[in-house]
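Protein chains in written order, with the numbering used here: chain A, 1 to 76; chain B, 1 to 381.
What the hints contain is simulated information worked out from the structure, not anything from laboratory work.
Treat the hints with care, since some could be wrong.
Unchecked claim - Part of the chain B face toward chain A, derived, beta carbon under 10 Å:
#1 GLU54
#2 GLY56
#3 ALA59
#4 GLU124
#5 VAL193
#6 GLN195
#7 ILE364
#8 LEU366
#9 GLY369
#10 ASP370
#11 VAL374
#12 LYS376
#13 LEU377
Even glycine gets a Cβ: it sits at the ideal position worked out from N, Cα and C.
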Amino acid sequence: MIAIKVKFPFEYTRFEKARIIGARALQIAMGAPVLIETDKVDPLDIAMEEFKRGVIPITVRRRRNEFVWLERYDLF
Amino acid sequence: MKKVDYDSIINQYPFPPSVKEEIKAELEKNNVNKTNAKKIVEKCYQAYLANLMEPGEAAGIVAAQSIGEPGTQMTMRTFHYAGVAEINVTLGLPRLIEILDVRKNPSTPMMTIRLLPEYAQDREKAREVANRIEATYVRDVADIEVDIRRLTIIIRPDTRVLERKGLSAEDLKNKISKVLKTEVEESEDGSFVAQIAEPSYKTLMTAFEKLKDTVIMGIKEIKRVIIRKEDDEYVLYTEGSNLKKIMKVKGVDFTRTTTNNIYEIYEVLGIEAARNAIIKEALDTLEEQGLEVDPRHIMLVADVMTADGELRQIGRHGVAGEKQSILARAAFEMTVNNLLDAAVKGEVDYLKGITENIIVGQPIKLGTGDVELVLKLGGRK
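Take these sequences, add in the hints, and give me the full structure.
Next comes the structure, spelled out in structure tokens:
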């Protein structure tokens, strides 16, 4: 068996994405400085563009250590 | 062109068996060369990863609804003469309940017994094994009478039946004397006369009753055996089940013999076998009713039931009743009792589950509620 390069999940899950954009949109709505040049007005739209460009200063902490992770892929 | 070994490429990736087969079939159909095959399998792996369930998704609730919705359409029709050999089997909702409740004695235990090659081809040989398995009582092979005047029991063996069962009169005689613990004499007309040790009417009658229900051959639990030809081999179907004893019978291929009694499988073959049995039985029950449920939902249920190494039922005495959270247990059943018991024992609720958090009015650890945000330093790119 070859070493699997990407460990699942490799990207943000859809829940993480929603949570990050949501949190950022709230910050913008409450007057936080916008980090990109944009014509958009709606804080949610701005937050989504910021997320797309990867400038949101928020990430997630995954509780990997609290679970038993199945490293044995042959058990699938 | 040299044939490419697709298996070695596919087996490097952790696909489930069904996906592996599908990829292999497709590769073979198009006769892909090695470099392309590698690329294709890599792409398949990416697609597979993208289709896995994401952490945080409510897998259990989705499973529950996916089984529950078709379940509402299940008829209450319990009994059904299955096309397979006229054996009466519980089906539909009652059977599903039986599986999830892990009943130790299902209402219609049934076994499918496959035979070793040398027995499977020949009907006579299969009949021989069936005879060894099927419970044969004294009353099946002989007439039993009580002689009240002499206080004896007279047994008249039916030679034709005995012959068909492959028994000799001598076997019967020995068995009877062993059960009654007395001498058995043979009279001129071939019948046996058993004298009761203690001459009283009561002992005579108890001995008579005991003799009637004595199994002289076969396994007590197996009430009926049906031989059926399936493809090119004879298969035995039985009413009643005793996996442990059947597996020891000569001529039985125990690797291909099963029962529908899940608890018995758990006891004899272990927890993994029990898990597979739950999945198979539940899927078969749903399928028979024409309902299509994705096997993965059932697998999740089976996993929950078998996770800690022993079979746990879904319900009061199992999964739901043994939750560590007091509030979750109280929400399920017997609210006051649960709370009172927990208070007496001084239990602590750590509010880690879903139910508890809903009760106290907190966001639950599911989906977006399970995400923990932290500040990312480094900023603009």
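- Which hints, by number, does the structure contradict? 3, 4, 5, 6, 7
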